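Trainee: Let the sequences and hints guide you as you build the complete structure.
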Amino acid sequence: MAANATPSPGGKHVGQRLKRREDPALIRGQGTFIDDVRLPGMLHLAFKRSDVAHGRIVRVDTSAARAMPGVRLVATGADLQGVLPNVPVITPFPYPDHPAVTPDKVRYVGEPVALVVAEDRYQAQDAVEAIEVTIEELPAVVDAEAALRGEPTLLHEDFVNNVALRIISGTGVAEAAGTQDPEAVDDRELEAAFETAEVVISQRMVNPRIAPSAIETRGVVAQYEATRPYLTIWSTTQRPHAHRRFLAAALGLGEHQARTIAPEMGGGFGAKKIYGEDFVAAALSKQLGAPIKWIEDRSEAFLTTTHARDVIGQIELAAKRDGTVTALKARLVADIGAYEMLLTAFIPTLTHGLLSGGYAIPVIRSELIEVFTNKMPTDAYRGAGMPEAIFFVERSMELLARELRMDPAEVRRKNFIRPEQFPYKTAAGNEYDSGEYERLLDATLELAGWEEMRAEQAAARAEGRLVGLGMSFYIELCAIGPSTMFPDGGWEHGSVTVERDGRITATTGASAHGQGHETSFAQVLADQFGIEPGAITLLHGDTAVAKQGVGTVASRSLVVGGTALLMAGSKVKAKMTRFAAQLLEAREEEIEFANGEVGVAGGGKLSFEEVASYAYAPQQLPAGTEPGLSEEAFWEPPGMTFPYGCYIAQVEVDRETGEAELQRFVGVDDCGTIVNPLIVEGQIQGGIAQGIGPALTEELRYDEHGQLLTGSFMDYAIPRASDLPRFELGVTVTPSPLNPLGAKGTGEAGTIGATPAVVNAVVDALSELGVRHVDPALHPEKVWRLIRGGER
Amino acid sequence: MIPAAFDYRRAKTIDEALALIGETAEEARFLAGGHSLIPLMKLRFSQPDRLVDIMHVPGLAGIWERNGQVGIGATTRYVELERSRILQDVLPVVAEAAGEIGDPQVRHRGTIGGSLAHADPAADLPAVMVALDAFLDIVGPQGRRRVQAEDFFQGFFTVDLAEGELITEMRMLPRRAAAYAKLHQKASHFALVGVAAALEIEAGNGAGGVCRGARVAVTGLSTHAQRLRGVEASLIGERLAEESIRAAAERAPEGIEEINDDLHGSAEYRREMAKVFAARAIRRAAARA
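Protein chains in written order, with numbering that gives the first Met the number 0: chain A, 0 to 791; chain B, 0 to 288.
Since the hints were made in silico from the structure, they are not lab data.
In this text, all values refer to a predicted model and were calculated from it rather than measured experimentally.
C-beta: ideal position from N, C-alpha, C; glycine also.
Heads up, a few of these hints could be off.
Said to hold, decoys possible - Distance windows between CB atoms, simulated:
1) Leu-287(A) - Ala-24(B): 35 to 45 Å
2) Leu-262(B) - Pro-481(A): 41 to 51 Å
3) Pro-102(A) - Asp-159(B): 12 to 22 Å
4) Asp-78(A) - Ala-3(B): 23 to 33 Å
5) Arg-82(B) - Arg-460(A): 31 to 41 Å
Mentor: See below:
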């Protein structure tokens, strides 16, 4: 459907800084989160998890656990074989079997090997402690680059050299090269670009493994009713409808016999979709005839909620001496852990698509190798493949600027895709919708006072202080649609009902978990109908309420879900228009919606309630007219949206300790039309904080035996408010032509852009010591060693 | 992170607390702020059968000046140390160190007595107490006794506290010329290395006065808080200037064995940071003279 065929919202409420209507209840502790769900007769589930990274299970002794008070069931992976399906994967790539509770081999620390169901959580844990597991250890595979030589051993027999996937993409690779035959790749253009290059930048770069660290851990409550039969399952999932589909199938039910409810959630960040524990809870509820609850504890969250990033890139940039980039080549090795979860192998493939950054790079080629190791599987986390790409590109641009002694802003300006080039198809294959990159760069430089910053930096350096400035220009890929781009469906669903009293109840399949949909979506509908947002309630997060949905992932909710809602709204408006015209004896073209009324300008007016009364008490309706005012719509975007922004970070490195203090952080973002600036700022600020973390402190570390060393917040450092300066933020607005709202999405922007800006700043601070590159996280000791080396 | 079963008792007097601990043959622990003990119990590293809560014992918390000494009750919370007018006035090092502990939640629950009894090798207050030459008043089944902080900390999570004994109060002399400087471990905000310096500087000589007495103690560097005797020796009799402070701080690692070495900081780094933070603590202490 063409975007311009649908009505845009008016504008009274869109653009207003409305406080989130969700917050008063959440702030007062009145939200219903997963652990608040308590059902009569509910039993508690706990898992015995492997403390060995790789090995064969020799024996699981459950005899002591079975005899303990309150214990209803103890089961091993072997007991559950055939009862439970494997943990689902929806990528088009081959993947190994992944049992929810392993019957034979363990492949990461934290993998479930047995479970207990007991009458309370304490009894369940006591029994778990009494289970004795004997494992014959195998060598642990922890180094991705060694792993892809098959060293020290194989994780899965069917995957030679531990390689899960190898894909070559970009220039010279046939468009439909599903075969990925290296012989079919045409290298001529790539080779020519590097042979004729005046400058070549070559750098190995590492994106550390990190933990999504949602403030609320995962959880599930499953209730199976045998007599109907029907499964109701509460779960911390960002995708209730997909969750229902897999859970119903797991129990041999139809989707019509299952309901997934996603209660309030303390963050998802891409890591909360569908896990093995959910299947276990559902199957055991059926087996035991009682509701089953499992709540992940924080230690389990570090070990068993999907990790992210962990990609090593060898990046080569070909350029002219004037700064024009002529080609980019990347070899990427992604350590995806021991198994695949819902989208594990898909996430690193997203990196290729953004390797053009904001630049018109004519030749782009990447080779991606995904490798299994004895670690927790990776999956989506805020940015999902994009932070990796932008980190590689923006570090490379900084290296190029240094090599050419150019202002980093000018190197970027030189290569920008120009406004008249949109829609612009990059050599990496994506079609960017719209952008005015230079305008945004200039806005950022002005907001930062770039020239003064540079002068102050020079003065500080003259005093011997290690002050550095770093810049990044990021692109985000949003919306993930149409369905050709996202095999599981790139659409969203919405419904709008004008109730008998004239108020509106709406539903969206884009299940929110902290994004503020109830506020921002109401603003959109309020303008569409000419009413106040307070007259609208948005419901979501329950498959019995929202008929269909894909979910809140990939910064897509407003773009896709918001538009679906508008589509449903316009159907309702059409019906109201017809009814109002009948009541007022006017022509439909004369009917307007304004100030909470429907009517003719300068003429008769009707309240929404009056129109609704006509619609729902159909005594007066012409014969054959369908009564009621409730409509629904699906909407699939014609293409993806590409918001962008520019960040500038200033750091000072303590020469004595190696600590990098973030002194200023300036950013300008463009996410197209802004419905609620307060919510967008919240997204940007939280995103920036989550991007600063991996630059400076966040890093999951495993030892050579595959033991997680950073298994708690005592060892894994996410940034605290006191670690961050007040962000100086601005916006430009370049609407997307691909949806009637003009929105682009903003959920992941800050995370993508912040990491390279901060790393660039620290490297800049160290540059006078001869430092050219440092991989994050920039722990003080790592930086201190560089300073010592530089001064020696 | 689900603890094993335990019995919880709340004591209303010190005698009752000692009786509740003494009457059971099973493992019993005093509970103050709980910010060390409860996490260990949730990981089942510690599985006491009984907790005796001493947070409701009157008179066990508070800060007072008496007979030229400063006393701090064992269950005084970090936030109370941080905000105490008395400490800010006569012992600013204690307020300063307390303000750098953990995060606001920890500072509102954790207590000085709990921190000293637990003796985490990276805790802040043990170094401050050693530098200030504080006395700990201890009560137990055998009656009352007092021990110097320096002797109290004996090794890795090891202190001079017998079964059933309870710290009731810390006592020390006022000293303005004392300071605490710390390199934060970025996740836990324990000290990667922390140094407390307490100086006696000859009056009347202005900024570059002569150091007549110095007690300098480190935490985070080794198994427990201990004095940096090389630094102290180097400072005494010296006119405090940048050069003499740096020279003294260089001696920080002297005599310290079993240097900590973990993913947050190698032994080499910690040794160097001990020098850096010794210098910072001494400079700040000297500036307060």
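Trainee: For every hint, state whether the structure bears it out.
Mentor: Now for the hints, and whether the structure bears them out:
1. Leu-287(A) - Ala-24(B): 35 to 45 Å: 39 Å, holds
2. Leu-262(B) - Pro-481(A): 41 to 51 Å: Given range 41 to 51 Å: holds, Cβ gap about 45 Å.
3. Pro-102(A) - Asp-159(B): 12 to 22 Å: 52 Å, violated
4. Asp-78(A) - Ala-3(B): 23 to 33 Å: Between Asp-78(A) and Ala-3(B), where Cβ atoms are some 26 Å apart, the hint holds.
5. Arg-82(B) - Arg-460(A): 31 to 41 Å: 40 Å, holds
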